[in-house]
Amino acid sequence: MKRMYDTNSYVLVARKSDYDANNIKDGYFLIPKEEWLYKDDGIKTFHLFLTQVDKDRVYLFLTDDKEPAVLSQLPLSKRVNYIEI
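The numbering of the sequence shown is my numbering, which starts it at 72 and goes up by one.
Heads up, a few of these hints could be off.
For lysine-lysine, the following DSBU-like pairs were computed, each having C-alpha atoms within a straight-line distance of at most 35 Å [as the list claims (entries may be wrong)]:
#, residue 1, residue 2
1, K115, K87
2, K110, K73
3, K96, K110
4, K126, K104
5, K137, K87
6, K104, K87
7, K149, K137
8, K96, K126
9, K115, K96
10, K73, K149
11, K87, K110
12, K110, K137
13, K115, K73
14, K96, K149
For the record, the hints were derived by calculation from the structure and aren't laboratory data. Bear in mind the structure is a predicted one, so any value in this text is a computation, not a measurement.
When you get a sec, could you build the whole thing from the sequences and use the hints?
Structural data, given as structure tokens:
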């Protein structure tokens, strides 16, 4: 899979349950790398950005304003539900 985004700034992830079931389909997300590496202090959160998958390429999905589309903002404790691809 070719990554068409800044790999120094983002980490490609999928839900661990989808990965374990070999059923990711289009369930790829990007998380800002600094947020993925945070230590959980019970306060910090991370953002799941939507992706666009086209054949074997993964892109950061942008809004009409050219901003990343945020699916969700989650507490770091939920990070265990995702796996880095």
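Hint numbers not upheld by this structure, sorted from lowest to highest
none
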